[in-house]
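Chain H is fixed; fit chains R, P and C onto it per the hints.
There are 4 protein chains.
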Amino acid sequence: MCRWLAYVGAPVEPREFLYDPERSLIEQSRSHAPGMDVPNGDGTGLGWYGRRLVPTLFRSTTPAWANETLKELASEVESGMFLAHVRAGTGTPVQTTNCHPFRFGRWLFVHNGYVADYMKLRRTLLLAVDPDLFPNVLGTTDSELLFYLALTFGLEDDPIGALERMAGFVEEVAAEAGVTEALQMTVGLTDGDRIYAARYASGPVVNTLFVSEDVQSLQLLYPQSERLARYSEGARLVVSEPLVALPGAWREVPASTAMVVDGSSVRERRFVPERPG
Amino acid sequence: MCRWLAYVGAPVEPREFLYDPERSLIEQSRSHAPGMDVPNGDGTGLGWYGRRLVPTLFRSTTPAWANETLKELASEVESGMFLAHVRAGTGTPVQTTNCHPFRFGRWLFVHNGYVADYMKLRRTLLLAVDPDLFPNVLGTTDSELLFYLALTFGLEDDPIGALERMAGFVEEVAAEAGVTEALQMTVGLTDGDRIYAARYASGPVVNTLFVSEDVQSLQLLYPQSERLARYSEGARLVVSEPLVALPGAWREVPASTAMVVDGSSVRERRFVPERPG
Amino acid sequence: MCRWLAYVGAPVEPREFLYDPERSLIEQSRSHAPGMDVPNGDGTGLGWYGRRLVPTLFRSTTPAWANETLKELASEVESGMFLAHVRAGTGTPVQTTNCHPFRFGRWLFVHNGYVADYMKLRRTLLLAVDPDLFPNVLGTTDSELLFYLALTFGLEDDPIGALERMAGFVEEVAAEAGVTEALQMTVGLTDGDRIYAARYASGPVVNTLFVSEDVQSLQLLYPQSERLARYSEGARLVVSEPLVALPGAWREVPASTAMVVDGSSVRERRFVPERPG
Amino acid sequence: MCRWLAYVGAPVEPREFLYDPERSLIEQSRSHAPGMDVPNGDGTGLGWYGRRLVPTLFRSTTPAWANETLKELASEVESGMFLAHVRAGTGTPVQTTNCHPFRFGRWLFVHNGYVADYMKLRRTLLLAVDPDLFPNVLGTTDSELLFYLALTFGLEDDPIGALERMAGFVEEVAAEAGVTEALQMTVGLTDGDRIYAARYASGPVVNTLFVSEDVQSLQLLYPQSERLARYSEGARLVVSEPLVALPGAWREVPASTAMVVDGSSVRERRFVPERPG
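Respectively, the protein sequence lines represent chains H, R, P and C.
Following the numbering used here, the residues of the first sequence are numbered contiguously, the last one being 1728.
Following the numbering used here, the residues of the second sequence are numbered contiguously, the last one being 1728.
Following the numbering used here, the residues of the third sequence are numbered contiguously, the last one being 1728.
Following the numbering used here, the residues of the fourth sequence are numbered contiguously, the last one being 1728.
Just chain H, same shape as in the assembly:
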């Protein structure tokens, strides 16, 4: 089970969420916790929107807890939107091209979960990727393939709809191959303006997803918090696991839900896989 986080708000140093909190993402990569049977030690990545329209990407197979470059960048970068990920591989090789985030144009994508019986389904899924997009598939993970399937199904114009068509397609291919409970996923997606996220699984067990409450309410709740005092109105985090045990700070996103988060709002709707037709 991987871990990831997405931030939108006034520019901050990623360090504030990757390193500083008690259950920071780096801490989550290494230290055991209930429900975490193996470490997230199979690579890490940070993608951020900086001086340019396209995001900048850092990915590495060195585990997050020992990654000197990640530590440097997390303090030097200041960004109003970034995605970070720590990986626990589910069978595909530990190599940089299999590390998240994945990038296409202005888009970044992270995933926590898996495609069941992936090696059995991989060929069919890979063939469904738009031939024009195909040369961009550089790694071999299920996660990257889900991203390029969603791009094939219109992600750039209709992000949530494309994720639904991707999920529907994967389930269809799996069913034809006799694979049940095919998809397990929380996904995070950004274009520099908004965070798109979804929590979904084909079966009854669904990886968790949380969104932070609005900063103003939190500041009322915790008037003494120096950390909270610094955050801008509209700042939001979407995370696979809470970073601090602060009652009232996090809201669990229900299963089968999609979200769109920007600096002023959090909108949710049901996430319903759809046959791409």
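Please keep in mind that the hints were generated in silico from the structure rather than gathered at the bench.
Even glycine gets a Cβ: it sits at the ideal position worked out from N, Cα and C.
Treat the hints with care, since some could be wrong.
[Stated by the list, open to error] A few chain H positions that, by computed beta-carbon distances, are all more than 12 Å from chain R: (1) N1587; (2) E1622; (3) A1652; (4) R1726.
[Unchecked claim] Capping the alpha-carbon separation at 20 Å, the derived lysine to aspartate or glutamate pairs in EDC-like fashion look like this: (5) R:K1522 to P:E1523; (6) H:K1571 to R:D1581; (7) R:K1571 to H:E1464; (8) P:K1571 to C:E1523; (9) R:K1571 to H:D1608; (10) P:K1571 to C:E1627; (11) H:K1522 to C:E1523; (12) C:K1522 to H:E1523; (13) H:K1571 to H:E1529; (14) C:K1571 to P:D1581; (15) C:K1522 to H:E1519.
What follows is chains R, P and C alone, placed relative to chain H:
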């Protein structure tokens, strides 16, 4: 341009060819030579037949000249058949899964060359791999794909024939996509008993391939050589470049030639690409 | 807290202990267990005695659970004496030169533990290394330094005595610098003939050490075990943690104990740090 | 022989010098050139002054030509002062802690050259490092040690003087050990405000060093150059090798010379090694 060597004969330490000669494979990975515009610093590999029927595989992205594990293994291993490779990438990522040799069952494969316009042709070539073999394609290079295409076209039963059908297929796919002079290759292939090799290119420039002369003739030619005195009757090397400047020691294999080398003979025939039909 | 194992007996594949048991060393590198707060994901190593008097060394920063080369070697190698290690760093960089085992001549050394306040003591300890040995110190860990201090204090002639002098010296240097409870260690040491091991800490908490019972007794206890049936008389494992939960199979070595294990006997005596004088 | 460059001027993307010119630093890492017998493939690094007083450091053992993170950062970073380096090791391990630049507080340091017979002299040189600085020595190269010796001899207050005392000390230690022609170096040093550099060798062969001519003169010389038109008055490069073959663009710094370069001037004086006394 990569470099590789294959050895068959009485068991020796790979060190004797990888490290000791003046133009050893390791030396070739690093030091400038005519016709070598870039170093072979994008990974290395050694595959050998040891205690088991299946060969053992070591692959690494650390350049050969600085690779401590390669150095250790080259002295500890003693083997009667091995393949070694130093890589100069031609566009695909530097990662272990892209390092040679590639292995399937008892087979090992190395390649020096490229498929022209590979990113344009890759999808079509990948789709032609037998779906049962497909899950074994772990990397993203043209070289690995050539191996799995040859396996698809019957390599295990008819190695040279399968290489010819692979070459014919690649040229056909390339021609349909408007790509000319599609294939540049010297390939080395072993099954634990024999070395199969081929030298071929679609265009007029063809990477070099050499085979060592028989040991008895060499010993007559160089009666004082301690090194040569040690080698067994029937020992042979197939190499992309000579390892020593010993007149009479190496014979250049002509372009469009296939070879089968074992402990008692070197047989050659023309290599003619064939449409797999 | 690192994990390690040492084997002496009739030649076996390291795989039998590194991969096959329910709590194999590889499993211990990754999966959560009581008392293991972080994974052993900061590198791994295997040293074995093969064809040559000097042992062969494989070390890598790729975590053991994802290390393809370790997996290959653990099945191809067959050796009557080997040492394996999985590392959880305690502050020094994750780099190959900091991975265990460390090697000097015929000797291999592994360590689980630390020198308290190491960065404060390092300079003084490093200066105490015999100037002739100094160029062999290639990494920066406390573990490698303990090895070279023991070599300085006569390890090659009197292994256990030299470990005691090393421990006494480290405690003395620490005391002068105001550092208490300076040393925490289980160490494993081999010369190709015997395993030397010690369990010691300056303070009350002492990392664990276990030795396997003699094979004949185990075979009587578990007459149905196919695995046990294969092991030769005299085969022994020394491990930081039991590999299987087999009642009667492991004996915990008491704190402040040194051991010498070979194919016919396990001898123990008290381990008493000594000022090198 | 390593290669490095230092830039001071109005903020630019490092890409402009690391990737874009015909003989860019990345090109220099890989492609053979007269006087370059081996590639600079043993690691790379980029240090820059960004949002903070302390510089940010990226170092990696992945060769520069294949380093995806370096490529990303070289386009995303925009900085008015940076140092970049490509390494050809001279005996010490290929590991991140041996990659340049080295950093201490606000200072960055790069080196091209060597200490002759380093393994013989290393212990004595290391002991001379100020004990308070000693814990910062994380790698094992001669280059890092030269930096900490210069820091020991007052680099923060008197950069050039400290480099001279360092050189004098190294030569003295070498002479006592019977090592002649001890030091070969071009060094680059920055504090965020100025580039300090020196070209010196104990013997007659001295690695090269070049400084760019002032931008205004160059713009007069090449009125059509778009690239030159973009550079601010006062921008300067100090490099181990020219990046473009532009007549009149580079001036070779004489041997035994020290330089101080900032946005308005280039000052030079003789570099004379001095016994630290």
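Mind checking the alpha carbons of R:K1571 and H:E1464 for me, to see if they're no more than 20 Å apart? 40 Å, violated
Check whether the Cα positions of H:K1571 and R:D1581 lie no farther apart than 20 Å. At roughly 13 Å apart (the allowed maximum being 20 Å), R:D1581 and H:K1571 satisfy the hint.
Restraint status (C-alpha distance of P:K1571 to C:E1523 at most 20 Å): Not OK: P:K1571 and C:E1523 at ~38 Å, beyond 20 Å, violated.
Quickly compare the C-alpha distance for C:K1571 and P:D1581 to 20 Å and report which way the hint goes. It holds: about 13 Å lies between the C-alpha atoms, which stays within 20 Å.
Taking only the CA atoms, is the gap from C:K1522 to H:E1523 under or equal to 20 Å? 16 Å, holds
Hinted pair, alpha-carbon criterion (20 Å max): H:K1571, H:E1529. Please report holds or violated. 42 Å, violated
Distance rule for H:E1622, whose beta carbon must clear each one in chain R by more than 12 Å: 21 Å, holds
Would the least Cβ to Cβ distance between H:R1726 and chain R come out above 12 Å? Non-interface label stands for H:R1726: nearest chain R Cβ at 23 Å, farther than 12 Å.
Decide if the proposed pair is consistent with the structure: C:K1522 and H:E1519, CA atoms, cutoff 20 Å inclusive. Distance of about 17 Å is within 20 Å: holds.
Checking a non-interface call: every C-beta of chain R should be farther than 12 Å from the C-beta of H:A1652. Is that right? Since the minimum Cβ distance to chain R is about 24 Å, H:A1652 lies beyond 12 Å and the statement holds.
Pair hint outcome, P:K1571 versus C:E1627 [Cα-Cα no greater than 20 Å]: 30 Å, violated
Holds or violated: are the alpha carbons of R:K1522 and P:E1523 at most 20 Å from each other? 16 Å, holds
The earlier numbered hints that this structure contradicts are 1, 7, 8, 9, 10, 13.
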